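Q: Read off the chains here:
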Amino acid sequence: MNDSSTLDRLRPGQLALVQSLENSGPMRRRLRDIGLIENTLVECLGVSPGGDPAAFRVRGAAIALRREDSRQIRIRVLPPA
Amino acid sequence: MGLTKSSTGRRAAGDGMDSELRQGRSVAALAGNPNVGKSTLFNRLTNMNQHTGNWPGKTVTSAQGLCRSEEREYLMVDIPGSYSLLAHSAEEEVARDFLCFGGADAVLLVCDAGCLERNLNLALQTMELSHRVLVCVNLLDEAGRKGITVDLEELSRRLGVPVIGIVARERSSRAEVLRAMDALLDAPEQEGAYRVRYSAPVEEALARLLPLAEAAAEGRMEPRFLCLRLLEGDEAFLNRADAFLEGALSRDGALLRAAEQERQALEARGIDRDGFEDLLAAGLVMAAEELCHGVVSGSREGYGSRDRQIDRLVTGRRFGYPLMLALLALIFYLTIAGANLPSDWLMARLFRLQELLAAWALRLGFPLWLKGLLIDGAFRVLAWVVSVMLPPMAIFFPLFTLLEDAGYLPRIAYNLDRPFQRCGACGKQALTMAMGFGCNAAGVVGCRIIGSERERLLAQLTNAFVPCNGRFPGLIALLTMFFVGAASGALSTLLSALLLTGLILLGTAATFAATRFLSATVLKGTPSSFILELPPYRRPQLLRVLLRSVLDRTLFVLGRAAAVAAPAGALLWLLANLSLGGESLLAQLSALLDPLGRFLGMDGVILLAFILGFPANEIVLPIVLMAYTAQGSLAPLGELAQVKALLAQNGWTWVTALCVMLFSLMHWPCSTTLLTVRKETGSWRWTAVAALLPTAAGALLCALVASAARLLGL
Chain G
1 MNDSSTLDRL RPGQLALVQS LENSGPMRRR LRDIGLIENT LVECLGVSPG
51 GDPAAFRVRG AAIALRREDS RQIRIRVLPP A
Chain P
82 MGLTKSSTGR RAAGDGMDSE LRQGRSVAAL AGNPNVGKST LFNRLTNMNQ
132 HTGNWPGKTV TSAQGLCRSE EREYLMVDIP GSYSLLAHSA EEEVARDFLC
182 FGGADAVLLV CDAGCLERNL NLALQTMELS HRVLVCVNLL DEAGRKGITV
232 DLEELSRRLG VPVIGIVARE RSSRAEVLRA MDALLDAPEQ EGAYRVRYSA
282 PVEEALARLL PLAEAAAEGR MEPRFLCLRL LEGDEAFLNR ADAFLEGALS
332 RDGALLRAAE QERQALEARG IDRDGFEDLL AAGLVMAAEE LCHGVVSGSR
382 EGYGSRDRQI DRLVTGRRFG YPLMLALLAL IFYLTIAGAN LPSDWLMARL
432 FRLQELLAAW ALRLGFPLWL KGLLIDGAFR VLAWVVSVML PPMAIFFPLF
482 TLLEDAGYLP RIAYNLDRPF QRCGACGKQA LTMAMGFGCN AAGVVGCRII
532 GSERERLLAQ LTNAFVPCNG RFPGLIALLT MFFVGAASGA LSTLLSALLL
582 TGLILLGTAA TFAATRFLSA TVLKGTPSSF ILELPPYRRP QLLRVLLRSV
632 LDRTLFVLGR AAAVAAPAGA LLWLLANLSL GGESLLAQLS ALLDPLGRFL
682 GMDGVILLAF ILGFPANEIV LPIVLMAYTA QGSLAPLGEL AQVKALLAQN
732 GWTWVTALCV MLFSLMHWPC STTLLTVRKE TGSWRWTAVA ALLPTAAGAL
782 LCALVASAAR LLGL
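Heads up: the protein sequence lines correspond to chains G and P, in order. Throughout the first sequence, residue numbering follows our numbering, covering 1 to 81 in sequence. Throughout the second sequence, residue numbering follows our numbering, covering 82 to 795 in sequence.
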């Protein structure tokens with residue numbers, strides 16, 4: 001089973017572990033600041049009514065990311081608990 | 082809506098700190114992630130009532146205030162909230178520069194107990210450059226309700242710096258923080274504080290560079306922090322550091338060469354700047370994780386299940402947008418419903434006072450011209466401004482502050498990001514629009530929360546499309562007089578509220594259109610990256626909200642309006658009473674403007690009022706009324722019905738009212754806003770765009786409405 005994917009494809013309620021970040025420049029820094037680095041546990045909380053951005057739980061906080069940015073975050077989807 | 086004395090006054094000086102303020106006082110900086118209660122604590126300590134809001138990135142310049150403990154006097158500096166000191170945005174730069182070069186004697190690091198692990202990231206970075214750090218773990222009550230507990234003693238032991246737990250919104254926290262600060266300054270500098278151990282390549286390079294850097298830093302800067310920045314190659318920071326050290330850095334060839342060598346060695350191992358920063362971030366994150374392990378217990382989730390439930394509704398696909406509209410309409414409904422009676426009451430009282438004052442003035446032997454200038458001029462316009470503005474403001478501000486306090490505003494940004502993205506902008510613009518409701522100048526300053534320069538400009542140039550507080554009491558009055566008319570009671574109020582909501586939607590649509598227009602023409606580009614935190618919802622503090630919004634915002638805005646209104650009233654009286662060649666100056670000026678005014682569906686007097694209202698939009702409608710009464714009818718204007726009669730006598734129809742409302746919604750921003758745009762963009766050209774864009778839109782709409790009305794014979 002191939003469970004590696006990108007963050008934009010995580011559906012609400014699903015959990016994943018961050019594998020690697022392909023974002024660059026300011027976005028990469030921002031992600032580092034909020035503690036979204038390799039091996040961080042993330043959960044998709046929901047999608048905004050416009051369809052983008054989506055909200056993720058990262059280290060206890062709710063963070064909204066656009067699809068364009070979350071697409072560059074490689075993840076490994078965790079099986080439902 | 083961060084509009085207070087401190088955000089627009091002298092004390093919001095930003096980078097510079099008044100040296101006179103500093104004298105004999107200990108300087109303490111308040112640092113922390115956005116939205117952790119920093120500003121609440123700052124207000125608590127200084128009683129300065131700097132405005133706080135529940136959204137990330139509230140403090141856009143560093144505010145200062147004084148406070149006294151038993152032992153010392155402190156100058157508190159509230160620096161912008163930031164997630165890290167690896168500055169990326171203008172406000173983070175302010176934060177870092179202040180901590181680095183501002184000469185603070187101590188740093189109070191405010192952390193959110195509900196999100197401690199991430200907050201420690203900044204704490205650990207701060208400890209890298211300051212030797213007097215006090216960690217204040219705030220929001221313990223909120224965290225407690227979510228089942229999170231923090232072992233403060235153990236955290237203090239692990240960090241090697243004092244840690245106190247506070248609930249900033251409670252009064253008792255003040256004494257506690259001050260005691261801890263006194264103790265911190267009495268104690269020797271922290272030597273054994275926790276140091277983050279980065280991965281081997283970083284630490285090895287650091288070890289080699291450190292002895293060299295110690296000389297350059299001259300004890301005025303933490304050498305380890307300097308080395309990290311040297312290894313990182315952060316030019317912007319290094320330039321500032323060099324200026325701070327008076328060239329000691331650029332003169333130190335040996336250090337710079339060694340740093341360059343280390344950088345090359347790192348790159349040879351495959352660690353470029355990005356990789357290096359990754360290593361730093363990983364070091365910090367892991368250290369914070371380790372420190373929190375066993376210190377924080379319970380659910381470890383600041384954003385809890387209740388927040389999830391609310392967000393599912395508030396940002397959900399089905400209810401997200403309707404709920405936003407409903408809330409807006411509700412706020413307007415309550416504002417209009419509540420403001421009607423007090424407005425009429427105030428108007429009647431103030432005009433009776435005017436008669437009394439006039440009688441006194443005559444009895445005291447005032448010459449007629451002086452009585453006219455002061456009472457029929459200055460006082461009357463002032464009375465108008467107060468009675469039209471005060472009640473709606475005193476209701477709208479607290480209601481809006483409640484939403485802000487509860488944490489709803491970031492959800493608006495989240496919901497609206499997609500539409501803004503389509504216009505080439507970002508959802509944070511919605512936050513600056515919300516600030517614009519209070520005051521467009523504050524909204525323009527608030528645009529600093531937008532990272533990308535292009536998107537920031539878009540938000541700055543279009544902010545005036547949102548009617549500020551100075552404008553919407555006038556809008557409400559016109560709506561009520563001309564469009565609700567026959568309906569009465571609750572129905573009429575509901576109708577006014579819905580119409581006002583419609584008008585705001587029109588302003589919002591115009592904002593989108595103007596943003597889109599700008600990003601298709603002069604501000605081309607693609608939307609930049611976007612990251613927004615949705616803070617946990619918080620129960621608003623009713624009493625505090627009420628006090629703060631009434632005292633701070635309402636009276637401040639009113640005061641500013643009054644300061645402009647009185648002289649403008651006097652000027653208007655002069656214009657109405659000085660005549661050249663038989664006709665008053667006022668009549669001549671308005672006759673001059675009349676053709677243009679008529680073309681736009683208004684008249685010369687109204688256009689003149691808009692021009693005279695340039696310093697403050699609040700006085701536009703009062704000037705119109707004043708001008709009409711000065712030209713003839715001197716009916717006592719005790720209530721709205723009489724005002725409507727006066728306007729009707731001067732040829733107003735609902736088309737006139739509509740055009741005035743449209744033009745009020747879209748014309749040149751007030752002088753304060755334009756000066757703020759100039760200051761923020763540093764360019765007169767952009768300032769001109771900010772003035773011309775809404776004016777062109779408003780003139781176009783008004784001309785269209787007026788022509789259509791003429792064609793249809795309305």
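Do not rely on the hints blindly, as some may be mistaken.
[Claimed, not checked] So the derived label-pair ranges between C-beta atoms look like this: (1) L773(P) to R76(G): 34 to 42 angstroms; (2) R260(P) to P26(G): 27 to 35 angstroms; (3) G51(G) to A256(P): 45 to 53 angstroms.
[Stated by the list, open to error] Only part of the chain G face toward chain P is listed, based on derived beta-carbon distances under 7 angstroms: (4) M27; (5) S48; (6) G60; (7) P79.
By construction, these hints were calculated from the structure, which means they are not laboratory data. No experiment lies behind these values; they were computed from the predicted model shown. We treat Cβ as the ideally placed atom computed from N, Cα and C, and that holds for glycine.
Q: How about S48(G): closest beta carbon in chain P under 7 angstroms, or not?
A: Nearest chain P Cβ about 5 angstroms off; hint holds.
Q: Please verify that hint: G60(G), Cβ, nearest Cβ of chain P, below 7 angstroms or not.
A: holds (5 angstroms)
Q: Confirm or reject the claim that L773(P) and R76(G) have a C-beta distance inside 34 to 42 angstroms.
A: Because 53 angstroms falls outside the window, the suggested range is violated.
Q: Next item in the hint list is M27(G). Is there a CB on chain P closer than 7 angstroms to its CB?
A: holds (4 angstroms)
Q: Does the Cβ pair G51(G), A256(P) satisfy 45 to 53 angstroms?
A: holds (50 angstroms)
Q: Report holds or violated for the interface hint on P79(G), using the least CB-CB distance to chain P and a cut-off of 7 angstroms.
A: Where the cut-off is 7 angstroms and the nearest Cβ of chain P is about 21 angstroms from P79(G), the hint is violated.
Q: How does the Cβ-Cβ distance of R260(P) and P26(G) compare with 27 to 35 angstroms: does it lie in that range?
A: violated (41 angstroms)
Of the hints listed earlier, those the structure fails to meet are numbers 1, 2 and 7, in rising order.
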